[in-house]
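Chains A and B, in that order, give the protein sequences.
Using the numbering used here, you'd call the opening residue of the first sequence number 1 and step up by one each time.
Using the numbering used here, you'd call the opening residue of the second sequence number 1001 and step up by one each time.
None of these hints come from the bench; they were simulated from the model.
As the structure is a prediction and not an experimental result, all values here were calculated from the model.
It is possible that some hints are incorrect.
[Stated by the list, open to error] Pulled a few chain A residues facing chain B out of the computed Cβ check, cut under 10 Å:
(1) Thr26
(2) Asp39
(3) Lys74
(4) Ala82
(5) His110
(6) Ser112
(7) Thr148
(8) Met152
(9) Gly153
(10) Asp156
(11) Phe201
(12) Trp275
(13) Gly328
(14) Val331
[What the hints assert, rightly or not] Chain A regions said to be covered by chain B (calculated; three or more residues, Cβ under 8 Å):
(15) 29-37
(16) 49-57
(17) 363-370
Just so you know, even glycine gets a beta-carbon here, dropped at the ideal spot from N, CA and C.
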Amino acid sequence: MKTYTDEKKAAALAVLTTQADAKLITHMNSCVHCGLCADSCIYYRAMPGEKYVPAKKVDLVASIYRRYATTTGKLFPKLTGARNLDDATIDEMIDLLYGACTMCGRCTIHCSIGVDISYVVRKGREMLANMDLVPATLQKTVDAALETGNNMGISDQDYTDTLEWLEEDLQMEMENDNAKIPLNATGKEILYTLNPREPKFFPLSITAMAKVFEAAGESWTLSTRMYDVTNYAYYSGHLEQAAIITQRLVDEVHQLQAGKVVLAECGHGSRAFRWEGPNYIQQAFPFETITSIELMLQYIREGRIRLDPSKNKEVVTLHDPCNLVRSGGVVQQQREILKASVLRFVEMNPHGIDNLCCGGGGGQLAMSEYNDRRMSIARIKAEQIKATGATVVVTPCHNCVDQLTQINVTFKLGVQIKTLAEIVADAIVLDK
Amino acid sequence: MDWYHWMAIAALLFCLTSLSLHLLRLWRLGNHHDFSTPTGKPSAAMPYAFVGAMSPTRKESAYLHLPTYVGGLLYHIATFLGIALFFLFLVGIEIFQWLMWPLALIMIMGAVSGAAILVKRMVKPQMRALSNPDDYISNLIVTLFQLATAAVLFWPQLFPVYFVLTALLLLYIPLGKLKHAIYFFAARYQLGYFFGRRNVWPPR
Ligand code: SF4
Ligand code: SF4
């Protein structure tokens, strides 16, 4: 029988008992247990039952809050269902907050009151991280980033070798020997970042974005020291580790004297750096940060790249990464880009800020112990894709690409999964 | 004034003081400082957070559960009306005869909705699993308050019972989930602030 020490419990409770955060206090006190958020969650839709109702996750955290931070909970815990932070509660927290939530935030926008459910889940994960209870698989990903500079532990040699052959590829593709993938160049306008899945598994998306930069005549560089856009400590809830990872990229921008950071197609990475990063390091960034999606749209609008949609003839649909749309406000840009890049674009239903998560968010792809659950909820996305009749699914997020690739195989969809940069690169008209 | 009036006034003062303290605490803490650079405006998102996002066309919790949504709406309308009537009863303002029936009807519709929501909570295993004693008590006491309000419109001799019940309700509000009377607005504000800064709301 495991017993979590009082010291650890105190560290966890410190997350909730601070009386200095109006947002925390608000969301801890708002749920009315109406249960109407159930259908908004892919876990509940795939596996109906009380366990997967989002409010259950809220209540796990809020009931502890009530027990330790409210007078009623301290005096009459049974009245409001206030719970002690005991072993059983902690185990349930690990299972539900890490293992049954992608932090997609869909339930939040549909909650009858307005409880920010994914924020509450984040707070719960912070508590568990303070107790060193991050699932080992997820922590391994964070540790890889802390130890090697990227979450996949790619060695410098492998990384630079990959980029070298990608540069050759780019030159062939563009029929231009001067086309480059610049590395560690100082004083450039843009420091571009990558999801380490790109050099490891999907290198063609790097070539695609390089082609876009080259066609737009952009001044840009990649770094070999710090290129990882992801921050899995955002998912683990370990604030100090999240701050270290954020600071590294900030330092690299300064080191390379870049004008701005362009965040690769990665939902959580762009959220973790652009929106959470400044709060992790308690400092506003002294440089601009935008996503590659916004940048590509700028190129199109300014005429810096020309696109021929007839180069992409297939029926294309779009999967919206939750962190990018619902927590990042990048919603219409990818649609405008697709309309300029493909002949036939069809929306999924629902889409945009109402989209359904693919099931790969929240660190689920890293936590193999929850694989079965992850693929159970994936059925919903598979059905959504099937209903569109599309043969290509575009998603501006490498985590989503990974999950959608598994969905494609598991549910025999027979579609192609692409990033937005790949679609744009395919449609680019090069000036000869 | 009779003893039950004073009792209700004391309970009202307790309730208002407690809720004000909650509100003051939120007010004093203000928005937590966010170091990220906003891409949208919270002020533009606020009307959407309080109106548009609450509409049954936008909210899944409403359009997928229309009977519950309508029931909930009636229940809340009747509650607010009941509170307004409580103030009138307290200061002794007479209600027009022709208004009695419409008011009683609204209160009864609210009470029926409240009872239906309570039954749903009691019989659906999923709802039971989510509920604690406070959920049942809150639901029951508000429903009884609505019934009592309807009753005293026609039987003034029931005022002592009505005021005792209302006093109990007022004493109970700050203890449990009924304080969402304050936190509902705070939660909508927080969402408007969050989604507004990030240009998610209002949706385009
Ligand atoms: S919809 Fe909102 S208020 Fe209702 S149970 Fe779910 S989280 Fe709580
Ligand atoms: S954030 Fe997403 S996965 Fe988590 S409970 Fe809400 S809807 Fe479900």
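The hints, checked one at a time:
Hint on A/Thr26 holds. Least Cβ distance to chain B is approximately 4 Å, under the 10 Å limit. Checking A/Asp39 against chain B by beta carbon gives a least distance of about 5 Å; that is within 10 Å, so the hint holds. For A/Lys74, the interface hint is violated, since its Cβ never comes within 10 Å of a Cβ in chain B; the closest pair sits about 12 Å apart. At a threshold of 10 Å, the smallest CB-CB gap from A/Ala82 to chain B is about 8 Å, leaving the interface hint in force.
At a threshold of 10 Å, the smallest CB-CB gap from A/His110 to chain B is about 4 Å, leaving the interface hint in force. The beta carbon of A/Ser112 is positioned within 10 Å of a beta carbon in chain B (closest approach about 4 Å), and the interface hint is therefore held. Given the 10 Å rule on beta carbons, the hint for A/Thr148 is violated: about 27 Å separates it from the nearest Cβ of chain B. Hint on A/Met152 is violated. Least Cβ distance to chain B is approximately 27 Å, over the 10 Å limit.
Because the smallest distance between the Cβ of A/Gly153 and any Cβ of chain B comes to about 29 Å, over 10 Å, the interface hint for this residue is violated. Checking A/Asp156 against chain B by beta carbon gives a least distance of about 31 Å; that is not within 10 Å, so the hint is violated. The criterion of a C-beta within 10 Å of any C-beta in chain B is not met by A/Phe201, whose closest approach is roughly 30 Å, and the hint is violated. Because the beta carbon of A/Trp275 sits about 5 Å from the nearest beta carbon in chain B, less than 10 Å, this interface hint is met.
Using the Cβ-Cβ criterion of 10 Å, the hint placing A/Gly328 at the interface with chain B is satisfied: the shortest such distance is roughly 6 Å. With a cut of 10 Å, the hint placing A/Val331 at the interface with chain B holds, because the nearest CB-to-CB distance is about 7 Å. For the region 29-37 of chain A, the stated coverage by chain B holds: 9 residues have a C-beta nearer than 8 Å to a C-beta of that chain, and at least 3 were required. Requiring three or more residues with a Cβ within less than 8 Å of a Cβ of chain B, the coverage given for the region 49-57 of chain A holds, as 5 such residues are present.
Restraint check on the region 363-370 of chain A versus chain B: 0 residues with Cβ-Cβ distances below 8 Å, three needed, restraint violated.
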